[in-house]
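Asker: Now for the letters of each chain:
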Amino acid sequence: MLISVENVTRKYEVGGETVHALRGVSFQVSKGEWCAIVGQSGSGKSTLMNILGCLDTPNSGRYMLNGHDVSQMDDDALADIRNREIGFIFQTFQLLPRETSLANVELPLVYRGIGAKERRERAIAALQKVGLEHRMHHRPNELSGGQRQRVAVARALVAEPSLLLADEPTGNLDSATGEEIIHLFEELHAAGHTLVLVTHEPSLAARCPRAIRITDGQIVADGVGSEVAFPPAPTGT
Amino acid sequence: MSFKVDAGENARIAIQALRANRMRTVLTTVGIGIGVATLLAIVGVIQGLNASFAEQLNKLGANGLYVSRSPSIVIGDWWKYRNRPDLTPEHAEALRPLLTRAELVVPSTSTRGDVTREGNELTSISITGTEEGYLLSRGYTMAAGRFLTAGEAQSNQRVTVLGADAASGLFPVGSAVGQTVKIEGQSYRVVGVLAAKGKVLTENPDLVAVIPMGVFRQQFGTFRSIQIGVIAKEGVSLDSLEDEVLGAMRRVRRLDPTEDENFNINRPEMLAKTYDQLTGALFAVAGGIGFITLLVGGIGIMNIMLVSVRERTREIGIRRALGARRRTIVIQFLFESAAVSAFGGFLGAVVGLGSVRIVAEISPLAAVVDPMVLIGGIVFSGLVGLIFGIWPAARAANLDPIEALRHE
Chain C
1 MLISVENVTR KYEVGGETVH ALRGVSFQVS KGEWCAIVGQ SGSGKSTLMN ILGCLDTPNS
61 GRYMLNGHDV SQMDDDALAD IRNREIGFIF QTFQLLPRET SLANVELPLV YRGIGAKERR
121 ERAIAALQKV GLEHRMHHRP NELSGGQRQR VAVARALVAE PSLLLADEPT GNLDSATGEE
181 IIHLFEELHA AGHTLVLVTH EPSLAARCPR AIRITDGQIV ADGVGSEVAF PPAPTGT
Chain Y
1 MSFKVDAGEN ARIAIQALRA NRMRTVLTTV GIGIGVATLL AIVGVIQGLN ASFAEQLNKL
61 GANGLYVSRS PSIVIGDWWK YRNRPDLTPE HAEALRPLLT RAELVVPSTS TRGDVTREGN
121 ELTSISITGT EEGYLLSRGY TMAAGRFLTA GEAQSNQRVT VLGADAASGL FPVGSAVGQT
181 VKIEGQSYRV VGVLAAKGKV LTENPDLVAV IPMGVFRQQF GTFRSIQIGV IAKEGVSLDS
241 LEDEVLGAMR RVRRLDPTED ENFNINRPEM LAKTYDQLTG ALFAVAGGIG FITLLVGGIG
301 IMNIMLVSVR ERTREIGIRR ALGARRRTIV IQFLFESAAV SAFGGFLGAV VGLGSVRIVA
361 EISPLAAVVD PMVLIGGIVF SGLVGLIFGI WPAARAANLD PIEALRHE
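Top to bottom, those sequences are chains C and Y. So for the first sequence, this note's numbering puts the first residue at 1; every next one is plus one. So for the second sequence, this note's numbering puts the first residue at 1; every next one is plus one.
Misleading hints may appear alongside valid ones.
[Claimed, not checked] Mimicking EDC-like on lysine to aspartate or glutamate, the simulated pairs with C-alpha atoms at most 20 Å apart in a straight line are:
(1) C/LYS11 - Y/ASP114
(2) Y/LYS182 - Y/ASP114
(3) C/LYS11 - Y/ASP400
(4) Y/LYS273 - Y/ASP239
(5) Y/LYS273 - Y/GLU242
(6) C/LYS31 - C/GLU6
Just so you know, the hints here were simulated from the structure itself, not pulled from any lab data. Bear in mind that the values here come from a model prediction, so they are computed numbers and not experimental data.
I would like the entire structure built from these sequences, with the hints used as guidance.
Answerer: What follows is the structure, encoded as structure tokens:
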């Protein structure tokens, strides 16, 4: 099991009030799965995504990622595990604006302590996978939105993490470009990568082989994407 | 697995960040640059002062000491020396047979006066009355003619030896030797011209007329206390010479063992001590000013780094998400602030060196800069950047990655 989440809770203090963002969440994801986490804003999906991404730790419960117990890790260990195990793909791309595509893609390898020459070779290979090797010396502002997201995907792939974690990856793209990215994800899934996609769009989640629907900090449905992505119609209509 | 980020990568990030805000970087470096330039200029001038002072000591004759009525530089209660008895040439005569460790015992005294020669006039130049040993004891050499002889010194002949500048001032064309000049109205025959020694601070040892001691006392009176130069024999230390001179002078002056000395033995290094006292205070004040300027520059850097951290919050979030540890972020920002500061230090060092050069050109001070001071300036300003970068870097590292990624 690549991901094993057991009864995870997370609460925040906001203005003196306690917000229970996650109220005991449990699920598992195997290697090679493509799974969507779908929910409306405020459902707790962002909190879950932060915990899955090792950017945050749960208040209680256990999160195992690729055999590591993340719930007890200190800040340095979390940074290291993010570097090794997770490839992030963000809605807003999160590329460094002053760096070229190549330098952006190299970044995870910089923090892994890999030498310049090997970094370069691996970054070029990753850019080739997303079909952007001809744009590697361009800065983000010289690229289209779709190209930027491809650079971000290349950056997520370059360090060969066990998990690709995408947060609303098509949210800032027009539908045609979004479609390209989804195709790219399909290819990555076919190539054996494990993908977790966090989204508020049921139509996107419906295209994933599996979807977990979350409401008010709890999992309300977990199954085949097309079956559980859409919330059930309220009774009585 | 190593998570060490190499220095090259940090340097690249720092240069990129600094280049992205060129104007801001330049303005920041100016602050630290001024501090370093000030410090360097001050150090340069003081080193120059030291060098020219050391040179002056050499010209005075470092292997000798001087007996006089009072110290050469009096700080404080100068009046306590007022009632001491004068030193006379007779003291020198009495001293000479008592000193076994001395090579030369040379009485000398001087005043200021006008030296003229039909149409050419030198006003208020140094007129020195002395003996034949003076040439050697003061480290002069002859350019033309000869120095005063022992015979002339005894026989009170009106002869003079002119310093190089005095000779050229009075005799712009032709040789001075054999000519006649008037010193304060009295005629003297020029028997020799001294080779130029070069200016020492404000004193010009080449603008001088040297005459026999006896003639000097005839013309200018005997009320003047003289100075007795004592030059050590080869291999005799100044300490042992001073011991001997002290004992001999006490005998000549017939002092009881309980009485204080009523004369003074000046050593060039005592002069150096006085000099150190004077420049030490100057150095402390100037150093303080330079330090405060650096402090202000350092605060400027801290300010800019805080702005930079704020502007680059997203960047920090991205780096943290991709696996940068807190320490890595700290090092990145420290590197940046040290780099901008060291760059300012480099610019300041160049400006400081330039101003030291200018001081050396336009003033009598021989200002010099030790290249180590230059390197020190760059390293020191880098350290200032490092210290003032700590707080901004810590702030950057302590940002919550989740919040930082959301930052607009």
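Asker: Are the hints correct? Go through all of them and say.
Answerer: A quick look at each hint next to the structure:
1. For a cut-off of 20 Å, the pair hint linking C/LYS11 to Y/ASP114 is broken: about 99 Å separates their Cα positions.
2. About 8 Å separates the Cα atoms of Y/LYS182 and Y/ASP114, which keeps this hinted pair within 20 Å; it holds.
3. A C-alpha spacing of about 16 Å is found between C/LYS11 and Y/ASP400, which places the hinted pair at or below 20 Å, so the restraint holds.
4. Under the criterion of a C-alpha separation no larger than 20 Å, the hint pairing Y/LYS273 with Y/ASP239 is consistent with the structure, at around 16 Å.
5. Restraint check for Y/LYS273 and Y/GLU242: the C-alpha separation of about 17 Å stays at or below 20 Å, so the hint holds.
6. Note on C/LYS31 and C/GLU6: the hinted pairing holds, with a Cα-Cα distance of about 17 Å set against a maximum of 20 Å.
Comparing the model with each earlier hint shows a violation of hint 1 alone; every other hint is respected.
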